[in-house]
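Protein chains: 2
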Amino acid sequence: MNRVDGKTWRVIRVTQPGLALCLAVAASLAGAEPAPPEKPRTMTDVLAASKPSDWRPLDPANTLYLDIAAGRVVIELAPRYAPQHVANIKALVAEKYFDGIPFIRSHDNYVVQWGDPNGGDKEKAKPIRTAKRHLPAEFSRPIDKALPFTPLPDGDVYAPEVGWSDTFPVARDPEAGQTWLAHCYGTIGAGRDNAPDSGGGTELYVTIGHAPRHLDLNVTLVGRVVQGMELLSALPRGTAALGFYDKPEQYVPIKSLRLAADVPEAERTKLEILRTDTETFTALVETRRNRRDEWYLKPAGKVELCNVPLPVRAIGKAAQK
Amino acid sequence: MNRVDGKTWRVIRVTQPGLALCLAVAASLAGAEPAPPEKPRTMTDVLAASKPSDWRPLDPANTLYLDIAAGRVVIELAPRYAPQHVANIKALVAEKYFDGIPFIRSHDNYVVQWGDPNGGDKEKAKPIRTAKRHLPAEFSRPIDKALPFTPLPDGDVYAPEVGWSDTFPVARDPEAGQTWLAHCYGTIGAGRDNAPDSGGGTELYVTIGHAPRHLDLNVTLVGRVVQGMELLSALPRGTAALGFYDKPEQYVPIKSLRLAADVPEAERTKLEILRTDTETFTALVETRRNRRDEWYLKPAGKVELCNVPLPVRAIGKAAQK
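Line by line, the protein sequences are chains A and B. The numbers in numbering that gives the first Met the number 0 rise by one with no breaks, and the one at position 15 of the first sequence is 14. The numbers in numbering that gives the first Met the number 0 rise by one with no breaks, and the one at position 72 of the second sequence is 71.
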């Protein structure tokens, strides 16, 4: 069966014929047996050689479990980038505001979104007890030495610099002294109306297509999906304008949205993510810049920020991707 | 109801406060009434002002209708980039090879793929009568003055130049004298095994996530989906390795795959696409580089190749996107 690519994790035979040739020529000049060519590492090799300290567990105080009929979606919040929105989402979660709130939108190659279908109607909107409905924008934050940053060397169409900060894909503008979370696949943002302070976290969207980076600096991003994206990205697309569902019977209700710290230990989904400030991650990025899996004939030599996977695994298990 | 962005197509009120301010200051200096600021155009405005000659109909000789239970997917082939593969796919379609062949793979943030589940088994593989099973690779082709090219000015992480050629997103390497179709959302490629000539068009994939541009120059691309992507992108994800479906009962069969030219006129889906060698398209790209819809607070100033939509409409109707 043909494959699009060789993503299977198996042993590489020969991937650098040029190098092998050079070694053969050198060996022939020296009259010796050619040394076996050094095998370039694939992502599988890099992950297999990772150390336990290359991984960090998700912090239960910043992890959400979004349960729908199809299963559980695990979300990691980014309090360093959107402290007020994250605190407000936790307050909404604590008062179980989101339980029963549905996915109301599935816009192809763009976003799925959940929120109160009556959110815009003061009379009918679901009441909020302790949390806030609106917050000032947190579109970017100052660059700070305390904030880790692993740069990607390949440039970016949208921002002067891109890379990762504590496993989150980020962009930076050193001249403006600002940094922000970048919209990649699975990023979660707070929907808003035209006013910058009209969001707050009661409506959240998840990107499901080609990274809509033009939304950067226009929306407060609050985190990203770490596991379960396939449950959201395959939701039937809405047929009304902007991918909203036409009829309430199409809504996909949230059974519950909980902070991991509030869930009994035995019911938690315990995951760890590859740290991005490690040599292992730098080696992984290199395997994505230059694919050496035997299927590839022409490595790209570069990689886009949003094409670098962030490996996640159950604690103590092999990496998922 | 909060929106992620202001994609609704409506009249813009004010979008350039900076410009408005400058005009007001200038007017105040001159002691005159301020002139109303010129409204920057949105994509809606640009499409509404398009001329009939800005559009070209799909050529029935290079258009496929892929019918599944959920509906029809309209595909445009790219014979200028993959002449042998396109001819072979037409031959396969002519002998109804694909009728009953299923989608066997739905890999999140990557591809859906159809093909003979027994394709790798010489005994069980579905027979091919006149077409070929394997073809030489057509990963790129020479740059040729006869080939139109509308460049995108914003650069690209993967290729020296990108832009559009007769509405297809393409990349180019002027030094190597080569050009190729770029993997964007909805691009269709011919799956292959490790050998470059192990594909041929019997298995085809469609990209459903962030553009996997690292596949460029590694696969023969044969065309793209023009309408109906949402029927493919929302297929349930496969749970076996690489997103293949675990069990045959999960397969999604193709009811029929036909060349538009072979379908009675009354049953055709008549579409036209915005030409990319027009001033209207250049203006549209500018509305994507700098979004002036009132929801946007900070236009990006640039745009990635794969974030520029290619508007399609039923002939004689308003544009779909």
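Note that these hints are calculated values from the structure, not bench results. A couple of the hints might just be wrong.
If several chains are the same, the list does not tell them apart, and a pair holds so long as it fits within one copy or across any two.
Derived pair list, reagent style DSSO-like, types lysine-lysine, alpha-carbon separation capped at 27 Å [said to hold, decoys possible]:
| # | residue 1 | residue 2 |
| --- | --- | --- |
| 1 | Lys297 | Lys131 |
| 2 | Lys297 | Lys144 |
| 3 | Lys144 | Lys246 |
| 4 | Lys297 | Lys121 |
| 5 | Lys269 | Lys131 |
| 6 | Lys246 | Lys121 |
| 7 | Lys269 | Lys121 |
| 8 | Lys246 | Lys297 |
| 9 | Lys254 | Lys38 |
| 10 | Lys301 | Lys89 |
| 11 | Lys50 | Lys95 |
| 12 | Lys95 | Lys38 |
These numbers come from a predicted model, not from an experiment.
Taking the hints in turn, this is what the structure says about them:
In this homomeric assembly, lysine 297 and lysine 131 come within 27 Å of each other (Cα to Cα) only across copies, at 25 Å, whereas the closest approach inside a single copy is 52 Å. In this homomeric assembly, lysine 297 and lysine 144 come within 27 Å of each other (Cα to Cα) only across copies, at 26 Å, whereas the closest approach inside a single copy is 38 Å. Neither within a single protomer nor between protomers do lysine 144 and lysine 246 lie at most 27 Å apart by alpha-carbon distance, with minima of 49 Å and 51 Å respectively. In the homo-oligomer, the alpha carbons of lysine 297 and lysine 121 never lie at most 27 Å apart, since the shortest distance is 57 Å inside one protomer and 29 Å across protomers.
In the homo-oligomer, the alpha carbons of lysine 269 and lysine 131 never lie at most 27 Å apart, since the shortest distance is 30 Å inside one protomer and 50 Å across protomers. Taking the shortest Cα distances, lysine 246 and lysine 121 sit within 27 Å of each other inside one copy (21 Å), while across copies they are farther apart (49 Å). For the homomeric pair lysine 269 and lysine 121, neither the shortest alpha-carbon distance inside one copy (39 Å) nor that between copies (45 Å) is at most 27 Å. In this assembly of identical chains, the alpha carbons of lysine 246 and lysine 297 never lie at most 27 Å apart, being 48 Å within a copy and 33 Å across copies at closest.
When the C-alpha separation of lysine 254 and lysine 38 is checked against a cutoff of 27 Å, the pair qualifies neither within a copy, at 49 Å, nor between copies, at 45 Å. In this homomeric assembly, lysine 301 and lysine 89 never come within 27 Å of each other (Cα to Cα): the closest approach is 38 Å inside a single copy and 35 Å across copies. In this assembly of identical chains, the alpha carbons of lysine 50 and lysine 95 never lie at most 27 Å apart, being 38 Å within a copy and 53 Å across copies at closest. In the homo-oligomer, the alpha carbons of lysine 95 and lysine 38 never lie at most 27 Å apart, since the shortest distance is 53 Å inside one protomer and 44 Å across protomers.
Violated hints, in rising order: 3, 4, 5, 7, 8, 9, 10, 11, 12; the structure is consistent with all others.
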